[in-house]
Amino acid sequence: MVSVSSQLANRTLLSGTATDDRHKLFHVILVVSHFSLSQRKIYCCSIFSSVYRLAIQFSRMDRSKVGELMVITGNSHPELADLIAKRLGIKVGAASIYHKTNRETMVDIADSVRGKDVYIIQTGTKDVNNNIMELLIMAYACKTSSARSIVGVIPYLPYSKMRKRGCIVSKLVAKMMCRSGLNHLITMDLHQKEIQGFFDCPVDNLRASPFLLQYIQESIPDFRNAVIVARDPGSAKKATSYAERLRLGIAVIHGEQKEAESDMVDGRHSPPTLRSRTMDAARGMPVMTAKEKPPINVVGDVGGRIAIMVDDMIDDVRSFVAAAEVLKERGAYKIYVMATHGLLSSDAPRLIEDSPIDEVVVTNTIPHEIQKMQCHKIKTVDISVLLAEAIRRIHNKESMSYLFRNVTLED
2 MVSVSSQLAN
12 RTLLSGTATD
22 DRHKLFHVIL
32 VVSHFSLSQR
42 KIYCCSIFSS
52 VYRLAIQFSR
62 MDRSKVGELM
72 VITGNSHPEL
82 ADLIAKRLGI
92 KVGAASIYHK
102 TNRETMVDIA
112 DSVRGKDVYI
122 IQTGTKDVNN
132 NIMELLIMAY
142 ACKTSSARSI
152 VGVIPYLPYS
162 KMRKRGCIVS
172 KLVAKMMCRS
182 GLNHLITMDL
192 HQKEIQGFFD
202 CPVDNLRASP
212 FLLQYIQESI
222 PDFRNAVIVA
232 RDPGSAKKAT
242 SYAERLRLGI
252 AVIHGEQKEA
262 ESDMVDGRHS
272 PPTLRSRTMD
282 AARGMPVMTA
292 KEKPPINVVG
302 DVGGRIAIMV
312 DDMIDDVRSF
322 VAAAEVLKER
332 GAYKIYVMAT
342 HGLLSSDAPR
352 LIEDSPIDEV
362 VVTNTIPHEI
372 QKMQCHKIKT
382 VDISVLLAEA
392 IRRIHNKESM
402 SYLFRNVTLE
412 D
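Position 92 of the sequence shown, counting from 1, maps to 93 under the numbering used here, and the rest follow consecutively.
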């Protein structure tokens with residue numbers, strides 16, 4: 002009697018005849034009300050056992066869809082990897098990367114990666130070529146060891162600034178990364194956002210601007226009296242984006258000397274020395290006028306204001322120092338330089354220390370602890386929480402849209 006009644010209750014609960022859940026529950030109560038106390042106990046036990054079996058099945062299904070999370074790192078930025086792993090509540094996987102006497106790169110991953118979701122944290126530093134080879138070998142080692150998925154976390158993507166007509170190295174780097182085994186990429190503030198099209202795998206180009214905007218609002222006193230400065234006309238869009246979010250004015254420095262990007266650089270400027278019949282076809286073709294460096298000028302009012310220069314990276318600081326000297330001459334009483342990637346190559350700390358720049362604020366996408374010891378003006382903003390959240394969302398198959406709220410192409 003109990004088994005027949007319980008089957009009737011289960012069929013009533015799962016049937017499609019009731020219009021809503023309240024009607025189903027009412028039918029079940031009517032059936033169970035005819036049970037004795039012992040029969041009700043038996044029926045409840047059967048319900049609990051069924052629910053427990055379903056829970057076990059769902060948990061197995063979830064484990065089959067999501068592999069175990071594992072984070073490993075190369076030699077480029079182990080401090081950032083430790084911060085990310087700490088925020089994720091895990092430990093960095095045991096992996097050693099070293100160079101043999103003949104400078105070959107050797108990778109030894111001590112932990113098993115079979116069936117796991119592996120996240121390789123490796124950024125670009127001054128030792129850029131070794132950084133790339135370490136990443137490629139680590140990705141290939143995980144691929145041949147049957148890792149479930151391999152995601153490259155590259156806060157600063159090397160070779161992203163080179164865009165010569167004859168050799169776009171970023172495309173070569175993208176192809177090598179995809180061939181090595183990477184099936185997803187997390188990076189930050191690409192110098193050229195179109196580089197994402199070179200990859201045969203999804204690319205999440207995160208933005209550090211919310212962290213830099215927060216620094217301006219919390220760490221710069223009287224930031225309402227500031228003006229956002231574009232170091233050159235090319236960075237005017239980025240400066241405009243900052244100015245609109247902070248409700249500030251904008252100024253643009255015009256006339257700064259840029260790096261040569263003409264055909265003369267890649268050795269294809271000069272025509273052939275031998276005259277031929279086909280060269281006569283170029284007669285009458287107009288010749289492009291050579292650029293002349295105009296005198297450096299500031300478009301906008303910076304007198305008695307705080308000048309905040311924004312850019313995506315700081316490598317050679319000479320142009321920033323020259324711009325700061327002009328801003329100082331125009332009346333700016335404080336000068337800040339803010340960027341996502343602080344490469345700070347060559348003698349950048351000394352130049353910054355001797356310049357009118359008051360602070361250089363960069364994120365920790367690239368390690369620069371040595372430069373900070375040489376120059377007290379260099380400040381660091383931690384962005385590990387953003388990278389950790391991106392890893393967590395990708396691992397749990399969650400949407401990444403939350404990390405791109407109110408983000409525009411100019412950011």
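Hints may be right or wrong, so weigh each one.
Taking lysine to aspartate or glutamate and the EDC-like style, the derived pairs with C-alpha atoms no more than 16 angstroms apart in a straight line are [unchecked claim]:
hint	residue 1	residue 2
1	Lys380	Glu390
2	Lys335	Glu354
3	Lys380	Asp412
4	Lys144	Asp109
5	Lys117	Asp128
6	Lys294	Asp233
7	Lys162	Glu195
8	Lys92	Asp128
9	Lys238	Glu354
10	Lys373	Glu326
11	Lys335	Asp316
12	Lys373	Asp348
13	Lys144	Glu195
14	Lys127	Glu354
15	Lys329	Asp359
16	Lys238	Asp355
17	Lys378	Asp355
18	Lys162	Asp359
19	Lys162	Asp348
20	Lys172	Asp201
21	Lys194	Asp355
What the hints contain is simulated information worked out from the structure, not anything from laboratory work.
Here's how the hints hold up against the structure:
1. Lys380 <-> Glu390: violated (23 angstroms)
2. Lys335 <-> Glu354: holds (14 angstroms)
3. Lys380 <-> Asp412: violated (21 angstroms)
4. Lys144 <-> Asp109: With a Cα-Cα distance of about 14 angstroms, the restraint between Lys144 and Asp109 holds, given a limit of 16 angstroms.
5. Lys117 <-> Asp128: The hint is violated at about 29 angstroms.
6. Lys294 <-> Asp233: Satisfied, since the Cα-Cα distance of roughly 13 angstroms is no more than 16 angstroms.
7. Lys162 <-> Glu195: Answer holds: Lys162 to Glu195 is near 11 angstroms, not above 16 angstroms.
8. Lys92 <-> Asp128: violated (26 angstroms)
9. Lys238 <-> Glu354: violated (29 angstroms)
10. Lys373 <-> Glu326: violated (22 angstroms)
11. Lys335 <-> Asp316: Outside the cut-off at roughly 22 angstroms; violated.
12. Lys373 <-> Asp348: This hinted pair holds, its Cα atoms lying about 12 angstroms apart.
13. Lys144 <-> Glu195: violated (27 angstroms)
14. Lys127 <-> Glu354: violated (21 angstroms)
15. Lys329 <-> Asp359: Roughly 11 angstroms separates the two Cα atoms, so the pair holds.
16. Lys238 <-> Asp355: Since the Cα atoms of Lys238 and Asp355 sit roughly 29 angstroms apart, the hinted pair is violated (cutoff 16 angstroms).
17. Lys378 <-> Asp355: holds (10 angstroms)
18. Lys162 <-> Asp359: violated (27 angstroms)
19. Lys162 <-> Asp348: Violated: Lys162 and Asp348 sit about 20 angstroms apart, past 16 angstroms.
20. Lys172 <-> Asp201: holds (11 angstroms)
21. Lys194 <-> Asp355: Outside the cut-off at roughly 34 angstroms; violated.
Of the hints listed earlier, those the structure fails to meet are numbers 1, 3, 5, 8, 9, 10, 11, 13, 14, 16, 18, 19 and 21, in rising order.
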